[in-house]
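In order, the protein sequences belong to chains L and G. Letter by letter, the first sequence follows residues 1 to 179 in my numbering. Letter by letter, the second sequence follows residues 1 to 273 in my numbering.
I should point out that these hints are in silico values taken from the structure, not numbers from a laboratory. Keep in mind that the hints are not guaranteed to be accurate.
To be verified - Only pairs whose alpha carbons sit at most 20 Å apart, straight line, appear in this in silico PhoX-like list of lysine-lysine:
#  : chain 1 : residue 1 : chain 2 : residue 2
1  : G       : K60       : L       : K16
2  : G       : K247      : G       : K167
3  : L       : K124      : L       : K172
4  : G       : K222      : G       : K267
5  : G       : K181      : G       : K267
6  : L       : K155      : G       : K4
7  : G       : K60       : L       : K54
8  : L       : K63       : L       : K16
9  : L       : K127      : L       : K63
10 : G       : K60       : L       : K29
11 : G       : K218      : G       : K167
12 : G       : K164      : G       : K247
13 : L       : K29       : L       : K13
14 : L       : K172      : G       : K181
15 : L       : K54       : L       : K127
Unchecked claim - Not close to chain L: a few residues of chain G, all C-beta gaps over 12 Å, as computed:
#  : residue
16 : K4
17 : E14
18 : D24
19 : R41
20 : T42
21 : I47
22 : S51
23 : I70
24 : A127
25 : E166
26 : E184
We put the beta carbon where it would ideally sit given N, CA and C, even for glycine.
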Amino acid sequence: MSIEEDVVCRAVKGDKGAFAQLYEDHFDKIYRYIYVRLRNQDEAEDLTQEVFIKALQAIGSYKWKNLPFASWLFRIAHNQIIDHVRKQGKVEKVDWDDNISLAEELDPGLIAERELEVEDLLEKIRKLSPAQREVISLRFTAELSVAEVAGVLGKSPGTVKALQYNGIVALKKMLLVNR
Amino acid sequence: MTRKIEDILNNCLERLFRGESIRDCLESYPEQASELELLLRTSVTIIQTSSAIQPAPQFKTRVRSQFEAILRQGGVKAEKAKIPLWGRKWAVAVASVVLVFLVGIGITAASTSVLPDESLYSVKLSAEQARLALTLSDAGKAKLHIQFAERRAGEVAEMARQGKSEKILVLAEQVANHLGKVYEAEKTGEIEQGTPRALAPPPDKGAEDYSAVGGYVKELTKMLDESRGRSLRILESALEEAPPRAKPSLQQAIEEIRADYDEALFKIESGSN
């Protein structure tokens, strides 16, 4: 049994410490994934909270064999985003959010520079096809494996690899045009 | 056997994630190196840039403390215990409500930190509704309404302390709603043990059972009276600490809540005679 499997199994059985550990392990990634998709800090914060509340409500029914834990958690996040976008009646955000929270340790000059880089990258990710955008977000901002991404999206690993390749090729072209 | 470029790229990405360099990867695939190099540099740019996105520290701290409060109350543990008791498909839906209820128990304990202007508040109210829905006896519902009335009163106090006067009278109205339902539930209520009150035998045929009805009313009256004392103490304490702008609303809320408790007590006591 892997360390993560052990932690997940304990959380399923009601171990509070184990769920707290899963929460710590995934919180930043869930937030980052939602932020990249919605590009709004307030909405990303609300949805991140909701994802963990839903996970807490449903952890008792989680079965380790059916889906890797990260896939299960990110599927909740994925569904939350879809519901949110549907309820808001809007497409994923185009405008840049000035309230973006960047790593605190950077100095103000670097933060400004990094904000521009992030803005530029997210704008390019937004131009990918929806499936490519999903794969790139989950793979690079949430740091999931191909198998985990496949689990979240209900696609085969081969399809995920192809979407990943095509997405990176498209981003490469867009980045080259800028230079 | 020729590997597809998608597989090669993915293999290189995994190696990058493990800390290997782009050069290491390119050396492993000399034939694809020229195509791979730009793709890998693009990938590194994505990884490095997106890693700068972090949740705000104060947000993270706030949510962590809320979850710690929930977890301290054992919401996860209790949730698991409920599931095997149900065997039918519809029970999954019921179990979901039970889980919301159990999570609600945790949130209840953290009620001072979960206020109407916070996003977890709707979960807290949903959990309360779930608890009411899952409580079959009217006696149990009446007790829950007393608890929830006291909780709303506590929220009035906390909102007043924070100077958020706009919510005070709305919450006071909710206290009145819960207290009104205490009497409604009591009026058609059952004895806690399950005997419908209307079916309770007259004194000459079963004095012991009939006294159980009186005992239930007595218990409810005592509970309501104690809740009244606690709520008013909390509210009056808040009146001393609240900023001036919140005091008029709080004063009005205290008077209304006191009157609501008194009315509920009167109705229960007179209804039981």
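> Which numbered conditions among the earlier hints are violated in the structure presented, ordered from lowest to highest?
Replying inline: 9, 11, 13, 14, 15, 16, 17, 19, 20, 21, 22, 23, 24
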